[in-house]
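Dock chain to chain to rebuild the complex, using the hints, since each chain is given by itself in its own frame.
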Amino acid sequence: MAGNISFSRRQNLVEKLTRLPWFMLTTIIAIATFGTAILVSATHGDAANSQLAGDHAIRFVVTLIFAIGLAVTPIRIWSWVAYPAYLGAMALLIGVEVAGVEAGGAQRWLQVGPVRVQPSELMKIALLLALARYYHRFLEKGPASAWVHVGAFVIIACPVALILKQPDLGTSLLLAATGGTVIFFAGLSMKVITAAIGLVVIGAPTAYFFALADYQKARVQTFLDPSRDPLGAGYQLQQAKIAIGSGGVSGKGYMQGTQSQLEYIPEQHTDFIFTIIAEEFGLVGALAILAAWGVALWQGLLIAARSENAFGALAAAGVVATLGFYVVVNIGMVMGLMPVVGVPLPLISYGGTAMLTVMVGFGLLMAVHIHRKDSL
Amino acid sequence: MSRANRMSGHQRVFTRRTAVAGAVGGMLWSGLALRLAQLQLIEGEEYARRAAENRIRLDPAPAERGRIFDRFGQELASNRRNFYVTITPENVAKGGGRMDELVKRLATLLPISKSRQARILRDASRQARFLPITVADDLTWEDFSRVNVHAPELTGVEAQVGQLRSYPLGAAFAHSVGYVGRPNDQEIAKVVDALDGDAAAIRRLYKHPATRIGKTGVEYFAENWLKGQSGYKRVEVNADGRIQSELDSSDISPRRGGDVVLSFDAEIQKFAMRRFGDETGSAVVLDIESGDILALASKPALDPNDFVSGISQANYDKLRFHTDAPLYHKAYDGTYPPGSTFKMVVAAAALEAGAMTPDERVYCGGKTWFGGRYFHCWKREGHGSMDLHNAIKKSCDVYFYEMARRTGPQAIADMARRFGLGEAYALGMTGGARGVVPDDAWKRAARGEPWYDGETLNFGIGQGYLTATPLQLALMTARIARSDVAGLPNLMLHGPKPQVAATPFEAIAEDVAERLRAGMFGVTSEPGGTALRSGDLGLGGPRLAGKTGTAQVRRITKEERASGVRSNESLERRLRDHALFVAYAPTDNPKYACAVIVEHGGGGSRAAAPVARDILAETLRRDPASKPAFSPEDPELADIGGAGRARTEPI
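Same order as they appear, the protein sequences are chains A and B. Residue 365 is where the first sequence ends in the working numbering, and the numbering goes up by one at each step. Residue 850 is where the second sequence ends in the working numbering, and the numbering goes up by one at each step.
Incorrect hints may have been included.
[What the hints assert, rightly or not] Here are the simulated DSBU-like pairs of lysine-lysine, each with C-alpha atoms no more than 35 Å apart in a straight line:
1) Lys293/B x Lys303/B
2) Lys517/B x Lys389/B
3) Lys578/B x Lys517/B
4) Lys206/A x Lys389/B
5) Lys517/B x Lys414/B
6) Lys389/B x Lys154/A
[To be verified] Simulated coverage check for chain A against chain B, where a stretch passes if three residues somewhere in it have a Cβ under 8 Å from a Cβ of chain B:
7) 137 to 147
8) 236 to 243
9) 276 to 284
[As the list claims (entries may be wrong)] Partial selection, computed: residues in chain A whose CB lies under 7 Å from chain B:
10) Leu128
11) Phe174
12) Gly176
13) Ser178
14) Gln248
15) Ala302
16) Val317
17) Met324
18) Leu326
Hints in this document: simulated from the structure, not taken from any laboratory. Predicted model only: the values in this text are computed from it and were never measured. Even for Gly, the Cβ is constructed at its ideal location relative to N, Cα and C.
So that you can see chain B by itself, here it is in the shape it has in the complex (with noise of 0.2 Å):
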């Protein structure tokens, strides 16, 4: 049989089908071929001298960061001229150089340390060879100047102008504002899976030497809005590679990222920083109305300008370590207990559940005896016979012992939570912590036990499980202050909003926060108050009215207080209570509030008040609520053409 009388019809046309595809394809091959042939070897050696002439490159221009305003304007991040030195090891191999011996040399006219060298020889080895590595960065002109004179035998190294982050008051806003660096290969494999975009075009952006991300702060929280758009500038570079110059016309010019306004007054805080001197702890300044956050100081603070540039491990394991956690944000992420600060919220949850009444008498005689213990008032001696308003204004344990039993623990829960407490705030930085609020269900998640009565004594007084921020005592205070307000913490008047919506303040009854107003009146003004001498602003008239506590940093044993409790004097610093006190002023129209902390500083009245007496007094003598706040002019936004960036995405 013939392989043709075999094959049914659809075979037979499929045999002549077949051909003819053949025969299309090999006219595409032909093609493709001929077009080859056409670019290599007839005008092959045409595109072989441009090749070698190729002078015209494309690199990436990083855009001018956002600066970040305080609310008048001031600067809290700029950028600055920077006069830095790069190597690009692939230069120095075409010049016939050694890596080492360039980077040796090069420590003759610079200030470069011997880890720094390592270093630059250690990224040299990892990184791609065309790459330029910073070798100094934020030099004086006399150094820079003296490179560029040496310039002809340095081959490899380039002199370059460029800007740096710059944080002109230092350490006062570390914490908030944050610092930027140089994006690590995880946050760089971050930003690539993000944007979706040309991998490798991203990867050299941020491999650029002037390029940096934030790291921490709203420099972190804001980096999208700050960064701004990167352009492409055409360079001129000979056959090495090396830049010759800038051919400035026809680029795709950067764009400047937005400003931030921050709702901080620069003044305020640096004063508050200043007037913690080698005191470690935190304050916060509130204004009362609008919620925006005017301080939030954290001391000790670091200076953000040193992790521009790259900080050393030696340098960065000293902060890291330090007993006093200078890293740490102690005004947001820093959790205390609130001590007696937190006893009118035990009030306002008594007084609203009708467990008491505020003229109601308790017998305070030094102790309490409950659940087969006694439970201790700070006044050994006892208090006596004690109403609401004398018990706030002495800060009466025993009497809010009596109440917090009446009320019970899920009321005082529930009542901290309206006054801001266990809530972390996003603001628009990183961190924020919540604190805890606790009540038999946090208990039972928590440490898997039920809640014991005797908890609720000790919650009556601040102790216990409950923790709160030193930002969230200031919301308390505010919102016990003025109860017709929005009562909500506020940091960005001009950047990206945070994402996450605060809970609304539930006011509490007018009549219910007058009694508690009264009580921190008399802490300051009236005999007897806890912090009667510092009540007095200083401004000849406007006094503040206030609140003491004292977090306790180690158990009191049953032993010791037999013998006497020891006094925070006679005890090494890291042993004493941390002193608290939380404010408002001026007291007959409550404008800003304020909560502060000092860290092993022992009793509140003594330690915090007058701290926070000074910081009011500043804050009322400036008087920011009454003054315009600072809106940045909009970056111009340069158009940027969409075909410019697009690569190979499919049509």
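This is chain A alone, in the form it adopts within the complex (with noise of 0.2 Å):
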């Protein structure tokens, strides 16, 4: 088959442009535009906060260069740094363990000169690469055993357990939910996986119990009876169902927001960014951020599904799922569905860390598309 030869020798740079998945790109910039036009609304009038939304645009464009150069990365490469990548992750969260800086209570960051590293936020990644580097050996000669699976499992745990302790349940469980993710597409048992299910249930209330700190079992409490704390995240909260519901069907218009604009809502240009989207735009506008995101993540399991080696189909899969695990939960807990965790809405929040995260993923997706056909 001649189209098949072309396609699998090597692809030079002009070629590899070209493959580029353009319909996901597109959709990303249309996502971050808008982002950066809600920031516009959120930081409006507030002059100490004027810089943010054009910080949010060029963090955006450079993060995006750096993403398309990922992109034309050869698969062959990032399979090599996978386990690299992974073991550097795990020396930093235990040098944070040592050496780290506290901030608000918990040990998340290293200090290195004037640079503050978040070994979590490079383990999302990390992860991923190191899961679909070690099941793609075994996939390649058949179904993996259970003791393949076993494996993959130790792997998962023991940056979780690590970032567990700082404490940061958030991100502990969003690798947790992505690495279970890789598993489930390597071909784990869906026995196995309904067992799993069956003992978080079971499990959670055990761990709310005796592994959750009391400010975090106070978020809980928070969530389940908002006026449990009326003048902390419970009135937040309060604060942020006003302005989704009060946004109605086309929304109160651009920079009308009465609750965003007279500030009822802290945080609104970080995590409760979505309640300026569904106040000012109204369900218009905010299903049509739902629905670019559905659009965007069902391109990358798409890439995943197409990718003719294990390897970038399941890192494929596991960044759809850290992203998907970020929009649910942000959306989530703005509409008062999920307890007030720290999770930001992906190219629409301000903060530099989360970008870089969210398009270093997008650049994995990127190169697995355009080397799909590739073998390691």
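Shown next, in the form of structure tokens:
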């Protein structure tokens, strides 16, 4: 088959660039552009924060160029860095344990000169790469045995345990969920998966009583009953719901949201930015954002399914799970479906670290797409 | 070949699982969409009504700032009731008014200067429109009620009652206690960086019209101690965001800041400030035993109350460019050549090194030849034959030239440091000069030249590169007066402790110290002493021991020397010498040490010694060391729940 042959040989840079997943790329550019416009509204009239929207746009453009650079990086190289990246991130996590900077009651950062490194952020991508590489070897030969899955479980459990100890429950859950997704795609039997879900349902209340810190328990209690804490997170949640609900079908108009513009909602340019979308653009705007993310992630799933090498398929599935986790938890949180956890809405919330992680994830997705016919 | 056959085993699993994942994702998305529909469609009207009536809003409530007391509980910094008026630009616009017209209208009711009006309008265009801008502060009750009467026609204007920092003693403690002011954008950015919390909430608090932060002095250093913990109050607002009333229940009450007690005795400080009259300079009084700083006066001074509500640029420039440097803490930051007050240190170095014995005599003929030029004594005709006692008493320069030459600069510099010179003392306020204790290493580093022998002679009479702060000179005097004390300066009796510890005093031999004290006693109490007229404290007994000094401001040329050195009186003021006097009292049982500098005062004995005498007399009369110090009640520490302040840190 001629077409197949031409695709399998080494592609040059121009060929690679023409094979970028343009539809997905357009979608994320649209989301980030909309995000910038929302940030303009969120910081409108606030002189001290007036530069945030501009920062956001610049960060997006810079990380987008970086992501395209990652996209043309051969899949072999991604596979080659997988273990070193994972081990490096593990070493940094242990470093945090030993010599980390404490901020807000949790030890999450390593201070290297002027730079603050947050190893748990690196681990989000590194774990996916390591799992994909691990499974790749076995899946090329046939279905993975139960022991292979146990090995993957260990690869996930190590960083999760360390991050849980910081304590950073949000990131540990994210790693566990995305790692679990990779195991699921690697073919773990549905029986085991059903059993695991059952275990979580039973285990969660136990964990609540024995593993959570007091302030984490307070969050859960506030979520279950917002009136418990009317001045703290409960207040925030009440105001967020009023903002979303009062947006109605078509919204109050750009920069016209009374809840947002009168600053009823703290953190509205970071974690609670969805409330502004819902208030100013209504159900139409909020659904549009949901749909845009749905399209982007659906494109990601297709990339995973079409990869002819297991490494790319699993890594791509992991990235989709990570981004999906962000979107669902963030929007679920501001609508009162989940406890208030510090998860940003990717490409829209202000914040440099999350932007970089998300765009590295997209770079990986695009790399898998471009190199889908390559073998390792 | 069919597509299914091309697919490897893992891909078949994959395709199935992608479908499952897609389905799960679809369910999650549907869940979010349904919730949106529930909030916005079904409950939308209800929420729209609540948004319109959203009446309860959290406003930051700044904490009351801790007070600053002197050692006996006299208030140096306190808080008083403040009537102020604010404008919220957003509300002005909503009421259909215009900012500039409203400000003009207010200016007819309140004393608001033209430049202040311009500043209000500038602030209004720069900061968030919902943030209130203070129009006028610290109003009289009459002004305040006039605004209240006109309130209905002044939409967007609010008359409020708050608290304002006040410095009851005004200028007396301007430099040490410092002052507070409104935080500027850089300062807010620094706080946001340092606190690592909810940046928006911090900004809102620091933009609050009642928020002040320490700008200088103790107010700056003890900021975190004094500021307390801000709370939130729930306020009832109408749909325009205008505050209708405050709901006192269930708010997080602010926690008052901690009080600070300083070692000052305010009465001694006030006396010292008064005693200077129109002269400028500084005075330091130390409790020798404890090291407590009783007074740290610097003249001229500014009124810190002027800064609390913001000082105009014109007035600030007037202070900044004033030739007598009123912004400058001369007692702590000012460095002067110690002149002859340094001679005891030279003597200590010489005696300890064995370079000279106290009874050895040096002949003073009014000048001495060294290194190709003459070094002159202040007394042109010379002192004749001098031993140590007489050389200190009469402040003979030629004797100390010889002593310094034999001792060498390194030993003198080392001894100067032992007596506390060349070190910046962290007391718990901004500033603190180190001064210069020169030696060969210093000169090579600072000037890129080796030490010249001639400089040793100048060093011996406290001139040349050597500089010291009045605080250091008082400390030096305390360490001469008593060898058995810690000899470390202390300011904070109750408050945050300074981070840097001072170098402990390594006492000199008691027989050497005894010689120095005898010499200082001679200065004030024996015939021929340079400050004989200032020895009696006027308390019917106790005398003081001291040493005069003169810090040369200008250079005396060879030509002038030949035609006769001009007297200080014949010079314009800014060229006159600084007058210095260091002293301790009582002579038999030293309790207090004092250093006084009268800038451009001429000679130490005439200008500085009487000031020091009167300050020491007042100190002995009050005898603060014999009375117990004040201890403040600790602020009630209202417990603030963690959940209330936590926003969205990751769980």
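Taking the hints in turn, this is what the structure says about them:
no. : hint                : verdict
1   : Lys293/B x Lys303/B : 18 Å, holds
2   : Lys517/B x Lys389/B : 29 Å, holds
3   : Lys578/B x Lys517/B : 41 Å, violated
4   : Lys206/A x Lys389/B : 32 Å, holds
5   : Lys517/B x Lys414/B : 19 Å, holds
6   : Lys389/B x Lys154/A : 30 Å, holds
7   : 137 to 147          : violated (count 0)
8   : 236 to 243          : holds (count 3)
9   : 276 to 284          : holds (count 3)
10  : Leu128              : 4 Å, holds
11  : Phe174              : 5 Å, holds
12  : Gly176              : 4 Å, holds
13  : Ser178              : 11 Å, violated
14  : Gln248              : 6 Å, holds
15  : Ala302              : 6 Å, holds
16  : Val317              : 5 Å, holds
17  : Met324              : 5 Å, holds
18  : Leu326              : 6 Å, holds
Going through the hint list in order, the structure does not satisfy hints 3, 7, 13.
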